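Protein chains in written order, with this note's numbering: chain G, 1 to 268; chain D, 269 to 536.
Hints are computed from structural coordinates only; laboratory data are not their basis.
Just so you know, these numbers come straight off a predicted model, no measurement behind them.
Mixed in with the good hints there might be a few duds.
[Unchecked claim] Pulled a few chain D residues facing chain G out of the computed Cβ check, cut under 7 Å:
{"id": "1", "residue": "Ser284"}
{"id": "2", "residue": "Gln355"}
{"id": "3", "residue": "Asn376"}
{"id": "4", "residue": "Glu380"}
{"id": "5", "residue": "Ala489"}
[Said to hold, decoys possible] Cβ pair distances, simulated, as ranges:
{"id": "6", "chain 1": "D", "residue 1": "Asp276", "chain 2": "G", "residue 2": "Pro136", "range": "51 to 59 Å"}
{"id": "7", "chain 1": "G", "residue 1": "Arg119", "chain 2": "D", "residue 2": "Ile409", "range": "20 to 28 Å"}
{"id": "8", "chain 1": "G", "residue 1": "Trp129", "chain 2": "D", "residue 2": "Trp397", "range": "42 to 50 Å"}
{"id": "9", "chain 1": "G", "residue 1": "Gly161", "chain 2": "D", "residue 2": "Ala426", "range": "32 to 40 Å"}
{"id": "10", "chain 1": "G", "residue 1": "Glu11", "chain 2": "D", "residue 2": "Gly433", "range": "49 to 57 Å"}
{"id": "11", "chain 1": "G", "residue 1": "Ala14", "chain 2": "D", "residue 2": "Gly476", "range": "36 to 44 Å"}
{"id": "12", "chain 1": "D", "residue 1": "Gly300", "chain 2": "G", "residue 2": "Arg119", "range": "28 to 36 Å"}
{"id": "13", "chain 1": "G", "residue 1": "Arg138", "chain 2": "D", "residue 2": "Ala383", "range": "30 to 38 Å"}
{"id": "14", "chain 1": "G", "residue 1": "Ile15", "chain 2": "D", "residue 2": "Pro404", "range": "54 to 62 Å"}
{"id": "15", "chain 1": "D", "residue 1": "Pro404", "chain 2": "G", "residue 2": "Pro211", "range": "14 to 22 Å"}
{"id": "16", "chain 1": "D", "residue 1": "Asp396", "chain 2": "G", "residue 2": "Arg119", "range": "25 to 33 Å"}
[As the list claims (entries may be wrong)] On the chain D side, residues computed to face chain G include the following (Cβ under 8 Å):
{"id": "17", "residue": "Leu332"}
{"id": "18", "residue": "Val346"}
{"id": "19", "residue": "Leu371"}
{"id": "20", "residue": "Asp438"}
{"id": "21", "residue": "Val474"}
{"id": "22", "residue": "Val478"}
{"id": "23", "residue": "Gln526"}
Just so you know, even glycine gets a beta-carbon here, dropped at the ideal spot from N, CA and C.
There are 2 protein chains.
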Amino acid sequence: MSLIAFSDASELAAISSGRYTGNVSAEWTIGGRPNGGYLLAMLGRAAADAGPHEHVIAASAHYLRSPDPASVDIEVEVLRAGRSASQLRARMLQEGQLCVEALFTTSNLDPESKAYWDRGLPTPEIADWEDCIRIPARTPIGVPVAIMEQVECRLDPAILGFASGHPSGDGAVQGWLALPYDETFDPLALLFAADALPPATFAIEVTGWVPTLEFTVYVRALAAPGPVRIWQHAQLIDGQRVDETCFVWDRTGRLVAQSTQLAGIRLG
Amino acid sequence: MSLIAFSDASELAAISSGRYTGNVSAEWTIGGRPNGGYLLAMLGRAAADAGPHEHVIAASAHYLRSPDPASVDIEVEVLRAGRSASQLRARMLQEGQLCVEALFTTSNLDPESKAYWDRGLPTPEIADWEDCIRIPARTPIGVPVAIMEQVECRLDPAILGFASGHPSGDGAVQGWLALPYDETFDPLALLFAADALPPATFAIEVTGWVPTLEFTVYVRALAAPGPVRIWQHAQLIDGQRVDETCFVWDRTGRLVAQSTQLAGIRLG
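Based on the provided sequences and hints, a complete structural model is requested.
If you want it as structure tokens, here you go:
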């Protein structure tokens, strides 16, 4: 195991206009499968590179197939290059098979902006970084989670019952996330952060793979250096599908990203 | 003004494989601009028709340009036709210009399914249908809203302060929605329902147009006949953008759809 920076794990090489290659790192996987947010960050890197705006502010991905940790091709098309925002489509293929297709809106986030109104945000109480407990690189049911050797994901002790077979039942997980080498979370890393915690459904019942069908992230602000604080909760399990909503705050307490996803689950 | 059923207002004609035309109805507009959920429903109709599965369960749209209430072309590509779910891309163009591009996951919703776990859902108290007040076809700042002559959108009196210049400040709107002729909300109509209420930001400050940048909807179950109950709330205004989250329950109290959107706003 060697530590691979997020910016290296999601690095792309430009092949020609709108075409890139990258390598899905085996070190950034869960049970051998790449994290969906990590794949979205690779697509977002291509979109930000191909378009006229620097930052992804909205990303929506539909997941078709999980790529192997190996080489992938990425194709980007600029749908509209606007003055204040642009829209792009990016696709990840492996051996010619489409794995993920995503739409992006990009813009330039203003480092000087401040929240105008935030009364609608949840205000979960999350233990401090030093009081949270680092997730080991193996799930409660024994699946290896290589990515947890890369990132430092610390969970609030209040929600750790699931690890000993006593889930809280409230469908929420919370804690902190730091990147390897304590890299600052740029907007692409925030796409990953919004999918980095264990499934919130572990706080209901621990199951196997919870494959993401759709994942939407909004990046709301540039994050301060340092780890981010995350609260992720499930709302409804119906028809063997679950939604999860995630909020990411930077170290200063500013909401920097939020997401929603729909995933399959073997419950119900 | 004549009453146009939702299924007629969103009707498409198939031109060839994966190609459709439709007509954006001037009667389904706000200040002359079509509702974003209505446009998504037209795209979803094309996606459900072109693919092997009957129901849209996840839809993600990025909005590039607002089409005029006139003829539009829709192109659909099946990205993956799976056993239990499929993914498709649909695009709406007007006079050759791309207006909306969206990704869909489709499946077959089981009319017999039941919610397995719903403890994570919000439980807003919303007044009964007969105690809610129908929205007039003109906004508080005088913009004509033709669509409110079509649908019957009733707001809870508890949140109506904005109409007289006294917004509640909590960023939430709630009420009920019925379609013309009391048509049952099928999954396509639910895509519209999740964007049908006035902006939740009206409960903060009444502004002009709040243009949607991104809109994601999950359809969670088939709705019972009759009107649906809706709660929509804003969480954060930052950098002249606001997110809004919406929940749609059918008459029996079952959550049938949920959505999130990112929109531009002239505040902050």
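Quick rundown of the hints versus the structure:
no.	hint	verdict
1	Ser284	violated (22 Å)
2	Gln355	holds (5 Å)
3	Asn376	violated (10 Å)
4	Glu380	violated (10 Å)
5	Ala489	holds (6 Å)
6	D:Asp276 <-> G:Pro136: 51 to 59 Å	holds (58 Å)
7	G:Arg119 <-> D:Ile409: 20 to 28 Å	holds (23 Å)
8	G:Trp129 <-> D:Trp397: 42 to 50 Å	holds (48 Å)
9	G:Gly161 <-> D:Ala426: 32 to 40 Å	holds (38 Å)
10	G:Glu11 <-> D:Gly433: 49 to 57 Å	holds (53 Å)
11	G:Ala14 <-> D:Gly476: 36 to 44 Å	holds (41 Å)
12	D:Gly300 <-> G:Arg119: 28 to 36 Å	holds (32 Å)
13	G:Arg138 <-> D:Ala383: 30 to 38 Å	holds (32 Å)
14	G:Ile15 <-> D:Pro404: 54 to 62 Å	holds (56 Å)
15	D:Pro404 <-> G:Pro211: 14 to 22 Å	violated (46 Å)
16	D:Asp396 <-> G:Arg119: 25 to 33 Å	holds (27 Å)
17	Leu332	holds (4 Å)
18	Val346	violated (11 Å)
19	Leu371	holds (5 Å)
20	Asp438	holds (7 Å)
21	Val474	violated (14 Å)
22	Val478	violated (13 Å)
23	Gln526	holds (6 Å)
In this structure, the hints that do not hold are numbers 1, 3, 4, 15, 18, 21, 22, in rising order.
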